[in-house]
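Protein chains: 6
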Amino acid sequence: MDRVKTGIKGLDEMLCEGLLPQTANLVEGAPGTGKTTIGMQFIYTGITQFDEPGLIITFEEFPQQYYHDAAVFGWDFEKLEKENKLKVIMTSPEVSRLDVESVGGMIETYAAQMGARRVLVDSITHFERLTQDPVELRLLEYGFINALKREGLTSLLTRESSTLLGEAPEGDGQIAFMVDTYILLRYVEIESTIRKALLVLKMRGSDHAKDIRQFEITDHGIEVQSRFEGREGIMSGSPRRMADSFVEAFVKR
Amino acid sequence: MDRVKTGIKGLDEMLCEGLLPQTANLVEGAPGTGKTTIGMQFIYTGITQFDEPGLIITFEEFPQQYYHDAAVFGWDFEKLEKENKLKVIMTSPEVSRLDVESVGGMIETYAAQMGARRVLVDSITHFERLTQDPVELRLLEYGFINALKREGLTSLLTRESSTLLGEAPEGDGQIAFMVDTYILLRYVEIESTIRKALLVLKMRGSDHAKDIRQFEITDHGIEVQSRFEGREGIMSGSPRRMADSFVEAFVKR
Amino acid sequence: MDRVKTGIKGLDEMLCEGLLPQTANLVEGAPGTGKTTIGMQFIYTGITQFDEPGLIITFEEFPQQYYHDAAVFGWDFEKLEKENKLKVIMTSPEVSRLDVESVGGMIETYAAQMGARRVLVDSITHFERLTQDPVELRLLEYGFINALKREGLTSLLTRESSTLLGEAPEGDGQIAFMVDTYILLRYVEIESTIRKALLVLKMRGSDHAKDIRQFEITDHGIEVQSRFEGREGIMSGSPRRMADSFVEAFVKR
Amino acid sequence: MDRVKTGIKGLDEMLCEGLLPQTANLVEGAPGTGKTTIGMQFIYTGITQFDEPGLIITFEEFPQQYYHDAAVFGWDFEKLEKENKLKVIMTSPEVSRLDVESVGGMIETYAAQMGARRVLVDSITHFERLTQDPVELRLLEYGFINALKREGLTSLLTRESSTLLGEAPEGDGQIAFMVDTYILLRYVEIESTIRKALLVLKMRGSDHAKDIRQFEITDHGIEVQSRFEGREGIMSGSPRRMADSFVEAFVKR
Amino acid sequence: MDRVKTGIKGLDEMLCEGLLPQTANLVEGAPGTGKTTIGMQFIYTGITQFDEPGLIITFEEFPQQYYHDAAVFGWDFEKLEKENKLKVIMTSPEVSRLDVESVGGMIETYAAQMGARRVLVDSITHFERLTQDPVELRLLEYGFINALKREGLTSLLTRESSTLLGEAPEGDGQIAFMVDTYILLRYVEIESTIRKALLVLKMRGSDHAKDIRQFEITDHGIEVQSRFEGREGIMSGSPRRMADSFVEAFVKR
Amino acid sequence: MDRVKTGIKGLDEMLCEGLLPQTANLVEGAPGTGKTTIGMQFIYTGITQFDEPGLIITFEEFPQQYYHDAAVFGWDFEKLEKENKLKVIMTSPEVSRLDVESVGGMIETYAAQMGARRVLVDSITHFERLTQDPVELRLLEYGFINALKREGLTSLLTRESSTLLGEAPEGDGQIAFMVDTYILLRYVEIESTIRKALLVLKMRGSDHAKDIRQFEITDHGIEVQSRFEGREGIMSGSPRRMADSFVEAFVKR
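Chains as they are written, first to last, in my numbering: chain A, 1 to 253; chain B, 1 to 253; chain C, 1 to 253; chain D, 1 to 253; chain E, 1 to 253; chain F, 1 to 253.
Hints are supplied without guarantee of correctness; some may be wrong.
Copies of the same chain look alike in the list, so a pair counts if it fits in one copy or across any two.
Said to hold, decoys possible - Distance condition first, Cα-Cα at most 30 Å in a straight line; then the derived DSS-like pairs of lysine-lysine:
#1 K149 <-> K82
#2 K82 <-> K5
#3 K79 <-> K210
#4 K82 <-> K210
Because the hints were derived from the structure by calculation, they are not lab data.
Values in this document were obtained by computation on a predicted structure and should not be read as measured data.
Isolated chain A, as found in the complex (with noise of 0.2 Å):
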């Protein structure tokens, strides 16, 4: 099977060499963490080295933000959007989830219109503002993300992480139960330094790396590194240098 590529270095080899067709992805994490920006990456990638026209769902910032946003990385928005091989929708989750269950909905329509295979959706936080009752969200979230798959899209979801470092006492939200990828992004504190963290939790149907590697957003976007080495407890955000550094001083005299 093909395989997706996020076309984002070091994370598709992570992902053994892609995400797979018409899925629904989660990227989970704080703010500034670069969930944004990985969806755009991916949605970039698909569009200028694959041919795979993008949609971009947005709750909240304006088609003008994420314009702005792209050009940091030097990815024309604008340009591809007048190409019809991007399309930046903003909506609310009420109404999206209403189109998608549609036919001849809006989504279904540019995406047919464009050929789209790649749709960001930004962010799926604001579904879950819609409702208290956990069990009508879950059905809310559950048919949005099939009606994508039906619609023959891969789906990028991001999701906001309001812990700064660590993981939310409450624990995290149901969506990563219904998601066949779930990537955690995660803020380390190293040397009085914060440096960034990524880990592939799941991923439905593939393997997939198991290790928290580091990455940073550079100028072209997103870069996936080593993992970090001789720290015990990443996922807390605090971690601890482990015991190894001090018996090799001991043992190496």
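The hints should help you fit chains B, C, D, E and F onto chain A, whose structure is shown.
Positioned in the frame of chain A, the structure of chains B, C, D, E and F alone reads:
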């Protein structure tokens, strides 16, 4: 008493040859830990190795999702369903609860007609969302798992744990007190890598392994491996190296 | 004063020869720690070794479940029930509460007719779900455990703790303040293995062992063993090795 | 000013010779820590050593329970009650609150008639359940403890702490701000054993010992012993050995 | 600008010679940390050393309690009140709030007539219980503390912290953002002893000491002493020895 | 693109020469960390060094408070206001929200008339108290910060964090996801002293320093200094010494 083998390498050994017949067995874990895979392998093993037909009761995913997910491991669920050895029943907690308590309900009918011996309930978490009243919920859950026993079925129930690392701060659900076997799946961070751990915490009427073992999801299903060595606090998800390595380093000099 | 022996190896010694007559004794633990087994052994010992008939008041499980669970240890509860030495009463907290406060109620009648001296209440947790009002609950629980004392019964009450490792963050229930004896069962992770610990925290009117001991559920029931050596923080469920082993390693050189 | 001696070995010394007259003194602890025993000894000492008659106001236990519990220590409360030196008053928070604020109420009458100087209120926790409104509760509690002072009584109030080890995460009640003395009882796990610790946190109008001391419940009542040596974090209930022992081991070589 | 000296040894130095005039200054601590003593000493110093009359606004304790508590330190508050240099006003948050906002209110009248320059509000915590609405509460508190400033008063506000060791998990109140100075009192466990720590966290318009100092309540009032040496995590209430002592031990050999 | 310099020594360097024009920039911290001082310095620098007039929108403090607080640093805000280069607008979240969305509102009018380029919103926390509904709040906040951008203003928003040390357990607000820059101020306890730390966690469209730096409030405003050396867990507020110092001590011998 004959054991109901899961067919999962290493797990049957931990269970002293397998589950006990007509028992309810809980498998709990965070997203991506492999709950459903364990359940599918339990059903597949029953059909193909022991000629025990099986049911899958799903409250969310469509049968196609199971066909697809099973195919990754080389298990042809569509074919088994056509051979009347497997039935994937998509329903709701409300309906299934009433169904199992009626004479001649759907589950009873399928079980009788197929001679089903095993059932996967994926996931029992959906029951927990039926009511806010813990007394009522407990009655509903107890009634449901006992009805399955009365049908002569050995059940494997999956349960979602929303905490990624370690234990949920508010503790886990009441169902753990009602089931016969309680199996925990956990993520464990070791040397910048996320590994998976399995523990049999409880098994009524049988001895069982008490150690925490690593496991992997391979191309052919679940493989339970050796225990974790030289680490303390594995259940926290962020174990620390044991001081032993220290002491050894000094003493061996 | 004669002691009411539990017959559990090691536990009677911790209790300075046994429980005190006509007292209420609480055994609290997470799922699978062996609360009910301790209770059944307490009842079985009474009947078979001390000729003290016993009652089991159950708020959830059917009598058959007790017959079955007891049989695993070689205890023939069905036979004892036929001999009128044991009575398993399946009821509800509401009914049992009213019953014990009525003259000539069912529990009183059974107790009198059988000459019962011991009772297992499995589990008192079901009382805690009767009302949201802590004042009312406390009155209900207090009334119930005192009514059992008035019947001349020594009671063993099981209580469910939903936290798997360590203490519930919100603290434990009020009933611990009302009972005469408070026994805690805990899981403890040591060297990648889950062991079981038992502690007598409180025993009104008697001295008792203060140490935390390991125990196992064997083919013949519960066996309390030696204390944990060389570990700190056992009650947390994830003890750390004591620094002593370190120091010794250096000093002994 | 003459001190009101508790008669508890070691505690009077910590209190610089005893409590101050006509003060309210709080003793707080988890189940089994010995709150009521301290209170009974305070009353017994007053009657038998200082000829100060005493009252016990109980909101839950029957007088018989106190007779029984006191007898374990060789204290004959029934006899004292017949000699009109002790009165155990079983009442409710509602009644006692109104009573102490009325002229010629029951408590005032008993106190006057017996010449009572000391009172044990077991437990003030029952007041905390009178109302959900913290402002109202504070007024009720403040009014009650001041009314006792106006009767010329030195009061010892027990308070239940539901957290077994360490401090309640939500902090403790408001009453600690209103009393004159605040004594904490705590469980401490050391070398696989649960010990008991006592600390005088606050004593208005007097100096007091600031150290955390071990205590035991012996055949003759409470005995406060020496402080804990070589441990950090005692108040957490799970102290760690201090690094000192380490350093010493190395340095002494 | 002239400083308003507290007269507390060591504290004025930490405040760079004293509080600023017409400011609101918060002192927060657990029961028994000495909040009220600091406030009384602030008032007493003003009257006796600087000829600045003072008010005490109390929402709970009777004037007699202050006379009594002050007398322990040799401060004769009754006499000062007779000399019209001190006024203890027992009121409620509701009344005092309206009072300070009225022309010719009681507080204004007393302040004017006495020429009061300092006020102790004991405790501002009672304000926090006036309303559940944080917006309304903030307005009430802000209005109150500014009205005191308008009267020309330098205020010292005590605030109750119900967490005994370390910080309240839910964070502290909003008032800390509104006051000019924020002084924290904390319990610290060191070598099995509870010591008291004082920290000036914030002081608008002035430099201040940033270190955490020990203090004691002596026969003559508060004495702030040296900082804590060789400990990490003092604000947690359970500091650990710094590794330095370790390193030194090795290195000095 | 020209940068908007804060004029704060060290901070502009961390921001790669300054903030981006027409962006919303969040500064979050506990009481006393210096949020408002940073904001005032940002405004003062704009006026005096770059001839960019500024607005201060305050939801609580009176203009006089800003004049007073600024004067401490030698900044004459009253004079600047008279010169029409600064305008302190005291308003409410409700009014300001409607204002910025109206044509010819007060803020627009001031901004246009003065040629304002910078605005300090002190504090955005007051918005968070406008509604309990997170969806509505998010809309309100988003609308407000975008309206400021449309006026051509670069905004600095302060946000109150009520947790003194470390991160709020419940995570921080949603606004962090909407702003362009997210700067955290934190207290850090080191060697019995409370220091201040600053971290730029997020900066849209620009690189930025990733390290955690110390800063001080001096007589002339904020000074950002070097990073913390040799400590782990700075963001927790209670860092531990890194094991390195240990190892070095041994290895260097």
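Okay, the hints, checked on the actual structure:
no.	hint	in the structure
1	K149 <-> K82	both (25 Å within a copy, 26 Å between copies)
2	K82 <-> K5	within (24 Å within a copy, 36 Å between copies)
3	K79 <-> K210	neither (38 Å within a copy, 33 Å between copies)
4	K82 <-> K210	neither (40 Å within a copy, 37 Å between copies)
In summary, the structure is inconsistent with hints 3 and 4 from the numbered list given earlier, while agreeing with the others.
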